[in-house]
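Asks: So the chains spell out like this:
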Amino acid sequence: QKEVEQNSGPLSVPEGAIASLNCTYSDRGSQSFFWYRQYSGKSPELIMFIYSNGDKEDGRFTAQLNKASQYVSLLIRDSQPSDSATYLCAVNKGRDAGGTSYGKLTFGQGTILTVHP
Amino acid sequence: DGGITQSPKYLFRKEGQNVTLSCEQNLNHDAMYWYRQDPGQGLRLIYYSQIVNDFQKGDIAEGYSVSREKKESFPLTVTSAQKNPTAFYLCASSVTSGNYNEQFFGPGTRLTVL
Numbered sequence: 092q093k094e095v096e097q098n099s100g101p102l103s104v105p106e107g108a109i110a111s112l113n114c115t116y117s118d119r120g121s122q123s124f125f126w127y128r129q130y131s132g133k134s135p136e137l138i139m140f141i142y143s144n145g146d147k148e149d150g151r152f153t154a155q156l157n158k159a160s161q162y163v164s165l166l167i168r169d170s171q172p173s174d175s176a177t178y179l180c181a182v183n184k185g186r187d188a189g190g191t192s193y194g195k196l197t198f199g200q201g202t203i204l205t206v207h208p
Numbered sequence: 005d006g007g008i009t010q011s012p013k014y015l016f017r018k019e020g021q022n023v024t025l026s027c028e029q030n031l032n033h034d035a036m037y038w039y040r041q042d043p044g045q046g047l048r049l050i051y052y053s054q055i056v057n058d059f060q061k062g063d064i065a066e067g068y069s070v071s072r073e074k075k076e077s078f079p080l081t082v083t084s085a086q087k088n089p090t091a092f093y094l095c096a097s098s099v100t101s102g103n104y105n106e107q108f109f110g111p112g113t114r115l116t117v118l
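Protein chains in written order, with our numbering: chain A, 92 to 208; chain B, 5 to 118.
One or more hints might be untrue.
Said to hold, decoys possible - Listed below are the simulated DSBU-like cross-link pairs for lysine-lysine, each with C-alpha atoms no more than 30 angstroms apart in a straight line:
| id | chain 1 | residue 1 | chain 2 | residue 2 |
| --- | --- | --- | --- | --- |
| 1 | A | Lys147 | A | Lys93 |
| 2 | B | Lys74 | A | Lys133 |
| 3 | A | Lys184 | B | Lys18 |
| 4 | A | Lys93 | B | Lys74 |
| 5 | A | Lys195 | B | Lys74 |
| 6 | B | Lys61 | B | Lys87 |
| 7 | B | Lys13 | B | Lys74 |
| 8 | A | Lys195 | B | Lys75 |
| 9 | A | Lys147 | A | Lys184 |
| 10 | A | Lys184 | A | Lys133 |
| 11 | B | Lys74 | A | Lys184 |
| 12 | B | Lys61 | B | Lys75 |
| 13 | B | Lys61 | B | Lys74 |
| 14 | A | Lys158 | B | Lys13 |
| 15 | A | Lys184 | B | Lys61 |
| 16 | B | Lys75 | A | Lys133 |
| 17 | B | Lys74 | A | Lys158 |
Stated by the list, open to error - Partial chain B-side listing against chain A, Cβ under 8 angstroms, derived:
| id | residue |
| --- | --- |
| 18 | Gln45 |
| 19 | Phe59 |
| 20 | Asn105 |
| 21 | Phe109 |
Everything labelled a hint here was simulated from the structure, so no lab data went into it. No residue lacks a Cβ here, since even glycine has one placed at the ideal position from N, Cα and C.
Please work from the sequences and hints to get the whole structure.
Replies: Rendered as structure tokens:
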């Protein structure tokens with residue numbers, strides 16, 4: 092089982108629709124969760140992070156976390172053609188027993204989203 | 005302007021050569037990371053460093069080496085032992101004092117072996 096797995100895609104939605112991107116993770120001790128957007132040929136840019144169960148909203152983006160189900164998702168409302176990109180889910184394990192932060196992120200393979208006019 | 009710079013943007017290597025990729029940050033971040041991305045794939049961690057003069061292997065360290073002599077700099081050397089080095093290389097940095105430590109990425113270096 093992969094440590095972080097994303098829905099396989101590619102995902103195609105019409106302009107104005109809601110795009111739903113999903114991610115599951117295997118380590119129950121994971122603490123924080125990140126969504127990055129990556130345009131073709133460019134580096135990833137951080138969209139949102141979430142660490143508590145429930146929803147976190149930022150503009151058209153909503154991150155949802157369910158630690159019991161080991162599941163995190165990203166909803167993009169009113170999708171625009173400019174949202175077309177690869178979306179990467181990343182997971183951080185938090186801190187070790189000594190309090191040292193685990194800086195490492197484990198990334199999923201990414202989901203390609205295309206928003207068509 | 006605060007940020008992470010990587011150079012060069014494109015790099016071509018002949019088989020058997022070592023090459024060094026540069027990564028510099030002026031964000032005052034303690035931690036720095038190197039990732040490799042192959043077409044259609046996610047990011048795989050090569051090496052990371054959470055403090056000057058210390059670094060740890062990531063998931064795919066074989067054929068790579070790093071140094072961390074200054075807080076601002078974390079160069080990556082791709083050695084001739086790396087059998088399939090053609091890829092997109094990304095450097096990132098983060099703080100270590102918080103709980104969530106989001107990583108910020110440089111623009112990347114695209115390495116091609118001729």
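Asks: If a hint holds in the structure, say so; if it does not, say that too.
Replies: How the hints compare with the structure:
{"no.": "1", "hint": "Lys147/A x Lys93/A", "verdict": "26 angstroms, holds"}
{"no.": "2", "hint": "Lys74/B x Lys133/A", "verdict": "27 angstroms, holds"}
{"no.": "3", "hint": "Lys184/A x Lys18/B", "verdict": "39 angstroms, violated"}
{"no.": "4", "hint": "Lys93/A x Lys74/B", "verdict": "35 angstroms, violated"}
{"no.": "5", "hint": "Lys195/A x Lys74/B", "verdict": "20 angstroms, holds"}
{"no.": "6", "hint": "Lys61/B x Lys87/B", "verdict": "18 angstroms, holds"}
{"no.": "7", "hint": "Lys13/B x Lys74/B", "verdict": "22 angstroms, holds"}
{"no.": "8", "hint": "Lys195/A x Lys75/B", "verdict": "18 angstroms, holds"}
{"no.": "9", "hint": "Lys147/A x Lys184/A", "verdict": "20 angstroms, holds"}
{"no.": "10", "hint": "Lys184/A x Lys133/A", "verdict": "26 angstroms, holds"}
{"no.": "11", "hint": "Lys74/B x Lys184/A", "verdict": "26 angstroms, holds"}
{"no.": "12", "hint": "Lys61/B x Lys75/B", "verdict": "18 angstroms, holds"}
{"no.": "13", "hint": "Lys61/B x Lys74/B", "verdict": "18 angstroms, holds"}
{"no.": "14", "hint": "Lys158/A x Lys13/B", "verdict": "39 angstroms, violated"}
{"no.": "15", "hint": "Lys184/A x Lys61/B", "verdict": "17 angstroms, holds"}
{"no.": "16", "hint": "Lys75/B x Lys133/A", "verdict": "25 angstroms, holds"}
{"no.": "17", "hint": "Lys74/B x Lys158/A", "verdict": "38 angstroms, violated"}
{"no.": "18", "hint": "Gln45", "verdict": "6 angstroms, holds"}
{"no.": "19", "hint": "Phe59", "verdict": "11 angstroms, violated"}
{"no.": "20", "hint": "Asn105", "verdict": "5 angstroms, holds"}
{"no.": "21", "hint": "Phe109", "verdict": "4 angstroms, holds"}
Hint violations for this structure: numbers 3, 4, 14, 17 and 19, all remaining hints satisfied.
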